[in-house]
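Chains A and B, in that order, give the protein sequences.
Number 63 in the numbering used here belongs to position 63 of the first sequence; there are no gaps in the numbering.
Number 103 in the numbering used here belongs to position 103 of the second sequence; there are no gaps in the numbering.
Read the hints as simulated data drawn from the structure, not as lab findings.
Some hints here could point you the wrong way.
What the hints assert, rightly or not - Covered stretches of chain B (in silico footprint by chain A; criterion: 3 or more residues with CB under 8 Å from a CB of chain A, positions within the stretch not fixed):
| hint | stretch |
| --- | --- |
| 1 | 18-31 |
| 2 | 116-126 |
| 3 | 157-170 |
Said to hold, decoys possible - Heads up, simulated SDA-like pairs for lysine to any residue below, C-alpha to C-alpha not over 20 Å straight-line:
| hint | chain 1 | residue 1 | chain 2 | residue 2 |
| --- | --- | --- | --- | --- |
| 4 | B | K90 | A | G125 |
| 5 | B | K140 | B | L113 |
| 6 | B | K25 | A | S177 |
| 7 | B | K90 | A | H124 |
| 8 | B | K90 | B | D134 |
| 9 | B | K99 | B | G219 |
| 10 | A | K85 | A | A74 |
| 11 | B | K19 | A | V42 |
| 12 | B | K25 | A | H124 |
| 13 | A | K91 | B | T163 |
| 14 | A | K57 | A | A16 |
| 15 | A | K91 | B | P191 |
| 16 | A | K123 | B | E126 |
| 17 | B | K101 | B | N83 |
| 18 | B | K171 | A | S177 |
Here a beta-carbon is modelled for each residue, glycine too, at the ideal position from N, C-alpha and C.
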Amino acid sequence: MSLREVEIEKDVFEVAIDFTDLSLERGEVELTLGYSDGEIPVHFAAMIDEAILQLPKRCEIRAGYRVLDMEKPAGRHDGLIVGGKFFAMDKIVAGQLKKASKAALFVCTIGPDMENWSRHLLKHGDPALGYIADVTASVAAETVTNVLHDHIAERMRDRGLNVTNRYSPGYCNWSVSEQHLLFSMFPENFCGVTLSESALMSPIKSVSGVIGVGEKVEWKDYICDRCGVKDCTYRATRLPKGQVKIE
Amino acid sequence: MEELVGKIGECIERGKVNKSSPYPKDMQGQDGTDELTRQALDSGVGPEEILQACNAGMKRIGDRFSRNEVFVPELLMAAKAMNAVMAHLKPYFQTGTVKAKGRFVIGTVAGDLHDIGKNLVAMVIEGNGWEVVDLGVDVKSAKFLDAIRQGPECTVGLSALLTTTMANMSKTVQEIKTQFPSIRVIVGGAPLTQRAADQMGADGYAPNPQGAVAFLNAGRQK
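The task is simple: from the sequences and hints, build the whole structure.
Here is the structure:
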């Protein structure tokens, strides 16, 4: 799948992602809600279907990325230098990216309408559907990020480079406050996503982060089993089955 | 009558709101908490007895949630079934015939706009018989303090989803404790841990709505 992209500044690209580019399965939402295969009550499965049906008309997808040089500072293991700025990262993230010579910083969003709909349902008598709509929206935002990730990988392959898995401030022990530094690398209001003083993205259903790029890097699975954050949103879907323990 | 009250508790646990509700599938076409509560009241069952059955039903679904046998959607359906009961019992609360277990003031702390988790906790706590005052999101310390002044016999719940707003949470806990040392404060949200709660001086930490209910109920017994 080849997506159209527009270079809005040098090495800053906005990528056109259409809802038809996404492949969102009900099973992913079920897993995120906590249900194993086939365990979900039929009523809630129907609610997921209803929420998925709302996505095409309620999602305003925008996505983009910027490619910058990246290096590991000599003698330090607590972060990486991206575009001349030092990003403080836990060794989980820095270790996964240390072989990269470039970083693709990215942001994408599905817009505010799904979260508004969810909020409305929660407040007006249909809390289960409201909650399921919220989780479905989160899964949709993650699916958009998958598409953007694949696109970046394809573009980097054109340059003879490989990509790593992706990492976001707020996860893998990488402080969410680093969002400010990450967003300072983008043009203002890039992809329509803004950041609050407390590093909260608006629209909320947005994803930002970094992908390592280089000749020597390779894609590796997440190492959730080494992370201490037991109630992480991603833990249920990224740990192999049997290792998941919702606490 | 005992059977009728027992059925209300069962409908709470199963999330059966009313006859037209399609959930749960194996109870389609049966009366839910809405119809059964009306029938019970009309038959002379006291509101306190109905509430006891509801609390037992909420406890059972809460225990199953704690054991990962059910998940948030089931808990929300139970809360919705409970709200249907509460709609019938509202006049008894207004006249003072029955009393809420207590007053719970909840809000997402300053700088944080996440409200799903906070709303879930509020719904489940309300469903467990507490009066809930929801202050919303991005709530500054002064607003929590005002709410406490309006009803000092309360417990306060603070929610945060970002590590960056945990600092604001800590500040709010300290301000509440400085002005109202006897007010019990419970905190929750993705970045929170028991250790973080202890460090900021909160009285409790709950990783889920049921934990918050347990904290509140335990506080009543002290």
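Q. Taken at face value, is the distance from the CA of E126 (chain B) to the CA of K123 (chain A) at most 20 Å?
A. At roughly 14 Å apart (the allowed maximum being 20 Å), E126 (chain B) and K123 (chain A) satisfy the hint.
Q: Report holds or violated for chain A covering the stretch 157-170 of chain B, Cβ cut-off 8 Å, minimum 3 residues.
A: The restraint on the stretch 157-170 of chain B holds, since 5 of its residues have a Cβ under 8 Å from chain A and three suffice.
**Q.** Pairwise hint evaluation, G125 (chain A) against K90 (chain B), where the allowed Cα distance is 20 Å at most
**A.** Status holds; Cα separation ~17 Å.
Q.
With the threshold set at 20 Å, check whether the alpha-carbon distance from K99 (chain B) to G219 (chain B) stays at or below it.
A. With a Cα-Cα distance of about 16 Å, the restraint between K99 (chain B) and G219 (chain B) holds, given a limit of 20 Å.
Q) Holds or violated: K85 (chain A) with A74 (chain A), Cα cutoff 20 Å? A) It holds: about 14 Å lies between the C-alpha atoms, which stays within 20 Å.
Q: Verify the proposed pairing of K101 (chain B) with N83 (chain B), using a straight-line Cα cut of 20 Å.
A: With Cα atoms ~15 Å apart, K101 (chain B) and N83 (chain B) stay inside 20 Å; holds.
Q: With a cut-off of 20 Å on the C-alpha distance, tell me whether K25 (chain B) and S177 (chain A) pass.
A: Distance ~46 Å between K25 (chain B) and S177 (chain A) Cα, so the pair is violated.
Q) Under the criterion that the straight-line Cα-Cα distance not exceed 20 Å, is the pair K90 (chain B), H124 (chain A) satisfied? A) holds, 18 Å
Q: Can you take a look at whether the stretch 18-31 of chain B is actually covered by chain A? Rule is 3+ residues, C-beta closer than 8 Å.
A: Answer holds; 4 residues pass the 8 Å Cβ test.
Q.
Need the status of pair K91 (chain A), P191 (chain B): alpha-carbon distance at most 20 Å?
A. holds, 19 Å
Q) When you check the alpha-carbon spacing of K90 (chain B) and D134 (chain B), does it fall within 20 Å? A) Holds, at roughly 18 Å.
Q. Taking 20 Å as the top limit, are the C-alpha atoms of K57 (chain A) and A16 (chain A) close enough?
A. holds, 17 Å
Going down the numbered hints, you'll see the structure goes against 6 and 12, while the others check out.
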